[in-house]
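Residue-level listing of the chains:
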Amino acid sequence: MTEKRSNYNNNLLTNVGNEELAIKRDKIEGIKRAWYKFSLNRMSIIGLATVLIVALLGIFEPLIAPYPAHVGPFVDFASACQIPSISHWMGTDNFGRDILSRTMFAFRGAFVMGFGVLLVVVPIGSILGLIAGYWKGKTISTFILRVTDIFLALPPLILALCVCAIMRPTLFNSMMAVTIAWWPWYTRLVYGMSTSISNELYVKSAELLGASKSHVLFKEILPNCLSPIFTKMTLDMGWVILTGASLSFVGLGEQPPTPALGTMVSDGAKYLPELWWISIFPALAIMIIVLGFNLMGDGVKDMFSSGEV
Amino acid sequence: MVNNILEVKGLKKYFPIYNAGGVKQKGVFVKAIDGIDLSIREGETFGLVGESGSGKSTTAYNIVGMYGVTEGKILFKGEDISIITNSRSLRLKKDIQIVFQDPGTTLNPQRSIRQILRLPLQIHGMLNKQNEEAQIIRLLNTVELSSDFLYKYPTMIGGGERQMVAIARAIATDPSLVVLDEPTSSLDVSIQAKIINMLLKLQKQHNLTYVFITHDLSLVRNFTTRVAIMYLGKIAEIAPTAQFFRVPKHPYTKMLLSSIPVISKMEEELKPKKIKSQGEIPSPVDVPPGCSFNTRCPMAYDKCYKVDPVMKEVEPDHMVRCHLFD
Amino acid sequence: MKDTVVEIRDLYVGFKTFKGYTKVLNGVDLSVNKGERISIVGETGCGKTTTVKAILQILAKQAKIEKGEILFKGKDLLKMTKNEIKPIRETGISMIFQDPVAALNPVFTIGQQLSVVIKYSRLKRTKGEEAQKELAIKALKETSLPDPKRLLNSYPFQLSGGMRQRVCIAMALATPRSLVIADEPTTNLDVTIQDQVLQILKQRVQDKGSSLILITHSLGVARETTDRIYVMYAGNMVEAASTSELFKNQYHPYTKGLISCIPKLSGGGIAEGIPGRIPNYLNPPYGCRYSTRCPKVMERCTKEKPEFKDVGNGHQVACFLY
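Residue numbers (the numbering used here), protein chains in the order written: chain A, 64 to 372; chain B, 41 to 366; chain C, 13 to 334.
Bound conformation, chain A alone (with noise of 0.2 Å):
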């Protein structure tokens, strides 16, 4: 194995006063090289670009947006169906609004829908996770896997519609419904990762000199389980606003009027291929965004990869 000794700051932090400064120094560094690793990656710039951009949208709309008012209950039917022209550059639909105002507050949604998602699901799944590969073998262990293996068969767009069908179809409850299928894959996922991280010496080392099992789970396994569940993460984003449009598409999630990619798609459906602007403008929306927070996913790898660069 051979190994770069780096030599650095052997000279310049000699104070033992100045803790906040080296900390602030190491965390800026850290930052930096983090970001150094991302960027190695070209289409992770590309990725990160698209996903920033759509996001600014989003948030921007009321200010950018051509048509605010188009958002919500609007209607102007001599202006319907326009093909895109220079005052409406994604054309009209066929209430006479303007797609491009929509498809732009349709953004929203669709990162409310992934950032609402995993963020429940991802602290969930990796925690039972944890404990379910450090305490492998014992009952814990085994009762979270066979759980976990019930709910990976449920498929996910299927179950969502069973929810939203049950109870009323809004954004919360596909947003819930999608929660509930997706976190398995987290367990699983953080499952072979504290397994394997379990047997590290580093981690007997802890566990010899008498640590806390909350300790050892949260402070030594978890943080090397990050990259993973990160890189996941960027992915993931894509997948579950994907969900998100499908189930829309069907007619579960935001109502009309409020605009969603999927809803938009379907409005857009039957009036292929004349009026083809309706339906394909919201659908390359959401083309771009997965394609987006797919290209950052290999960059989110390498940055949380502990090699040298």
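The hints are simulated quantities; they were obtained by calculation from the structure and are not laboratory data. This one's a predicted model, so the numbers in the text were calculated from it and none came from an experiment. No incorrect hints appear here.
Capping the alpha-carbon separation at 25 Å, the derived lysine-lysine pairs in DSS-like fashion look like this:
(1) K364(A) - K31(C)
(2) K153(C) - K316(B)
(3) K79(C) - K321(C)
(4) K260(C) - K308(C)
(5) K260(C) - K313(B)
(6) K31(C) - K87(A)
(7) K294(B) - K214(C)
(8) K35(C) - K192(B)
(9) K316(B) - K214(C)
(10) K276(C) - K313(B)
(11) K192(B) - K28(C)
(12) K282(A) - K169(B)
(13) K90(A) - K31(C)
(14) K35(C) - K95(A)
(15) K95(A) - K76(C)
(16) K276(C) - K316(B)
(17) K31(C) - K192(B)
(18) K260(C) - K305(B)
(19) K313(B) - K214(C)
(20) K311(B) - K268(C)
(21) K314(B) - K214(C)
(22) K214(C) - K305(B)
(23) K134(B) - K276(A)
(24) K214(C) - K85(C)
Derived coverage of chain C by chain B (criterion: at least 3 residues anywhere in the stretch with Cβ under 8 Å from a Cβ of chain B; other residues may be distant):
(25) 200-211
(26) 223-231
(27) 266-279
(28) 284-295
All C-beta atoms, glycine included, are put in the ideal place defined by N, C-alpha and C.
Assemble chains B and C onto chain A, guided by the hints.
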């Protein structure tokens, strides 16, 4: 009167084997340790040598409790410690420490040196709350590392430095016994020299007892006070270091000594006559009957294939397990 | 003059990293004659693996060869195109890596991996599967591996470390090569197996008339296996001599320091080690790179880089003391 700080009696550690389906195979075991007896005296550096598969690392792991005991007893300061770490008292964990072989995996790459060294102090209530950082820096200084290392991560420092941090972590709790499992095997010679000298200095300062496990016999010659050599889970010979090297008795000892690469003619003369290793090392699952060394021993005769020899004291403090000395 | 198989002249290699540009190799000179066995001895990070990877042109993509020549049988490898280098890798030079687990593909049998090597050697007598199999068995027999026929159908995980490394040696020597490079081939092996493997390597290389470059951090191993030793420090060759000559007389302070650190079988404790650390390649010391740790450092050492020159008796040193 020198006390025995550690005593191992009839220790056996067998590992079950799982077949492809994940099911334990009945009656078949990897006999990692197959009955060993040791006494380690307070303040000495006890060397445990052997090649891979000899069981020396398993012995180390048994002493610190990473593995449970299949049979036999381990006594530490008179107390029976033949239990695994999870069941051990905090006091015991404070008193026995281990430094592992691979500096690459012995420190968590996601934690800074400061966090790594703080852990043992915090667990055993030895943290000086007012001045934590100074305390940790003092710890770093005892292994001759500067305060610059506090906020670095293991991936940023070299293998030798990582081992020094591992040593600092081990002595942080002021233990009585430190097990050193091949601490310098993967390090360069000049770093090794530095670490060994540091270990000697620490031993004097803190009155430590070392169990030093290695396959490097030249190192053993210069660092230990007594040596035991293991082969396939059993001890072949134990003697004070100088005697072990001057008058080795067991054929395996002689074989090992004769194959050390040395760098001067003078050292060549000190080696026993070259004994070529014949045959392969048998698998620890399938140990041959009789003496386990009979597949490679140039002096094996018919008794060696039938009866397993027992440990005998052939000279004061010098024990051998071989039919040649029956 | 004996004909030279490999000659490295004034090689400078650097790497682009996050922190900046590291200047690793700082003007390396090396020469290996036909049938000669040399070793490069140095500590971790001194650049020995970088040097041999430069010969085979398998450096990482962040590497940059700034200057210098690597002559293989008179032709400069650095000026060759990919197509010109390919035949050299197939028939001229072979390499044995440190970790046999990483070097052997776990999903192919030994036989399959050996036959790839043999097929690409394009030897006239190895056309056809039977002939290849014969040659593979012969190669395995030469490294004292038991039951070669059964080995051909085994997978790497079924073998022990020593056996795997012997398989790697067999692969490297299956077909005639002008040069064999072995990068710390026995570091992960037990002492008795190490002894066995090195003897086999030495013998086979001699039988085939190939040259050997052995990389190791153990002077003891170098002494037992090779005829000439190059000592390397921080990207420079600091001393080179025939084995017997080097252990009789060391000129460079680093070599002297290194030898004093080695634990001796005669006892007597170990020296304190060499003070200081290896230099930072981002900002290496000006002049002689050992100047920051040398007990005999002079003013001149920090200003000029010493030349690696002959001081008589085939002994070369790079030090201003001479």
